[in-house]
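Colleague: Respectively, the protein sequence lines represent chains A and B.
Read in order, the letters of the first sequence correspond to residues 2 to 143 in the working numbering.
Read in order, the letters of the second sequence correspond to residues 1151 to 1279 in the working numbering.
Possibly wrong hints are sitting among the right ones.
Taking CB as the label site, the calculated pair distances span [to be verified]:
#1 Met1157/B x Leu104/A: 29 to 39 angstroms
#2 Pro8/A x Leu1227/B: 34 to 44 angstroms
#3 Leu1232/B x Trp109/A: 13 to 23 angstroms
#4 Ala1205/B x Trp109/A: 22 to 32 angstroms
#5 Ala1192/B x Ile110/A: 17 to 27 angstroms
Footprint (simulated), chain A over chain B, 3 or more residues, beta carbon under 8 angstroms [as the list claims (entries may be wrong)]:
#6 1158-1171
#7 1177-1186
#8 1237-1247
#9 1273-1279
Simulated from the structure, these hints should not be mistaken for lab results.
Glycine included, each C-beta is placed from N, C-alpha and C at the ideal position.
Spelled out, the chains give:
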Amino acid sequence: MKHALKPSQYTILAVIMLSASIGDSFLKRGMEQVGAVNLSHLGLLWHALFNPYVDVGIVLLIGFFATYTTALSWADLTFVMPATAFGYVVIALMGRFWLHEQLSLSRWIGISLIVCAVAFVAGGPSRTEHPELDQMDAGVGR
Amino acid sequence: MMTPAEMHVWSVILFVAVLAVAGEVMIASGMRQLGDLDDIRANRGLGGAIGAVLANGRFVLGALCMALNFFSMLFALSIANLSLAGPAIAALTYVGNAVAAKFFLHERVDRRRWLATMCMVVGVVLVAR
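Only chain B is shown next, with the shape it has when bound in the complex (with noise of 0.2 angstroms):
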């Protein structure tokens, strides 16, 4: 069984992973949305293309959870060790974007997709432990 302090750590790893599938999710929906921003930038040029993004309800609460994620990960870091931090919330982050591809942005993740998700989360807790 857990002891409640490492039941804290664990709870805010598990959320600020969480605030990183929502953004990284909502982002990627918005720029989905959006289409091609190399296509836009040919038409509207730099400064029409980031209008663009800015002006997608999507992405800029994509980048908000992704502005909270940022400051919950540094008081995930003031409690808990960077070396299991660190690996941990990049691990459950790559296994929550898969599932939520999935199932909210409908990509066909395949075999070789859940492979590569799997071989990232085992990678990443080696390299950064």
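Only chain A is shown next, with the shape it has when bound in the complex (with noise of 0.2 angstroms):
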């Protein structure tokens, strides 16, 4: 069983947290900005592409998509997937620390749950050690 992860995995998670609600935020500004996109107006979707906002908000996707794959590679789906739930307790801390808003008792419960449920899986191992399966992909896939 692994338990220890580097700090450049530490790196990674962090990433995934933040990068996809932040990368979201950029993107709905931004197409704010550009105005409803519906199918006889989808020359705007080209218009998009011009939108800074909306270019920050793919480089933080894309961002997000390469971390959490490379999480993937050495550790659990079930034990990355909390820290993907935790981008809507960034989200909902944004908007109450940048943006002033309100949140409500449910929503601060909802993010003690979410930070409970990355405590939870952080707590145990990274991933589950399969010797022989893993020599056996290990011989297809290199």
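Work from the hints to combine the two standalone chains into their complex.
Modeller: Here it is, written out as structure tokens:
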């Protein structure tokens, strides 16, 4: 069982937690400037590519996908999953401290539950080891 | 009983979640097959690591599912309220991922991870409402 993660692997998990939610916020902000896209206004999608908020959002989402894929190469899916849910906490806290929105009690409870989920999996091993399966897979994959 | 319109919304939500689970499990399976990307990058450089990922069939299939998931999500959001579809899709995806990780990826989903999954489901529903 592998318990300890390298510092670089913690960095990857932190990028997963932040990139998707911040990327989504940038995309949302950019698309609000671009306007509603529908089938008769598909040209706006091309226009959206020249919006800096949309561009930063796309770069962040590509970064999310790359770090998520990297994490899955050394950790279980059920270990990485709570990190992706943490994005909801990031969004809610950004709204609270950046946009000064009021958070209801139920949202605070939701935030603490997601934080608990991260703590639950972080206390256990990051990877289920299957010596015989991994050997078979290594022969196929490399 | 659900009205036909509600049935339609929920079947689209279910479809989006199933695509997400299929995509994530395929990608996880492909990455497990490939091994630690940091090691591959140390040996073959960043280009080599990207090449190895893109040459993995399961990863490509999974990425395709995720792309389909993205577009079907846009469709779902056009027929359902964001505050319903967003958390519903996320919650179904978490439960589906945990079950699929146990049976297809043979991950040891112990009590700790089930508890985490339940916390995420309830947490996301409460936060995103």
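Colleague: Evaluate each hint against the coordinates.
Modeller: Hints and how they fare:
1. For methionine 1157/B and leucine 104/A, the hinted distance range of 29 to 39 angstroms is satisfied, since their beta carbons lie about 34 angstroms from each other.
2. About 38 angstroms separates the C-beta atoms of proline 8/A and leucine 1227/B, a value consistent with the hinted range of 34 to 44 angstroms.
3. For leucine 1232/B paired with tryptophan 109/A, a C-beta distance near 21 angstroms keeps the hint of 13 to 23 angstroms intact.
4. Taken as a hint, the range 22 to 32 angstroms is violated for the pair alanine 1205/B and tryptophan 109/A, whose Cβ atoms sit roughly 46 angstroms apart.
5. One distance hint, 17 to 27 angstroms for the beta-carbon pair alanine 1192/B and isoleucine 110/A, is violated here, with the actual separation near 43 angstroms.
6. For the stretch 1158-1171 of chain B, the proposed coverage by chain A is not satisfied: 0 residues have a C-beta within less than 8 angstroms of a C-beta in that chain, short of the threshold of three.
7. Counting residues of the stretch 1177-1186 of chain B whose C-beta sits closer than 8 angstroms to any C-beta of chain A gives 8, which meets the bar of three, so the coverage hint holds.
8. Look at the stretch 1237-1247 of chain B against chain A: 3 of its residues bring a Cβ nearer than 8 angstroms to a Cβ of that chain, three or more, so the hint holds.
9. Under a criterion of three residues with beta carbons nearer than 8 angstroms to beta carbons of chain A, the stated coverage of the stretch 1273-1279 of chain B is upheld, 7 such residues being counted.
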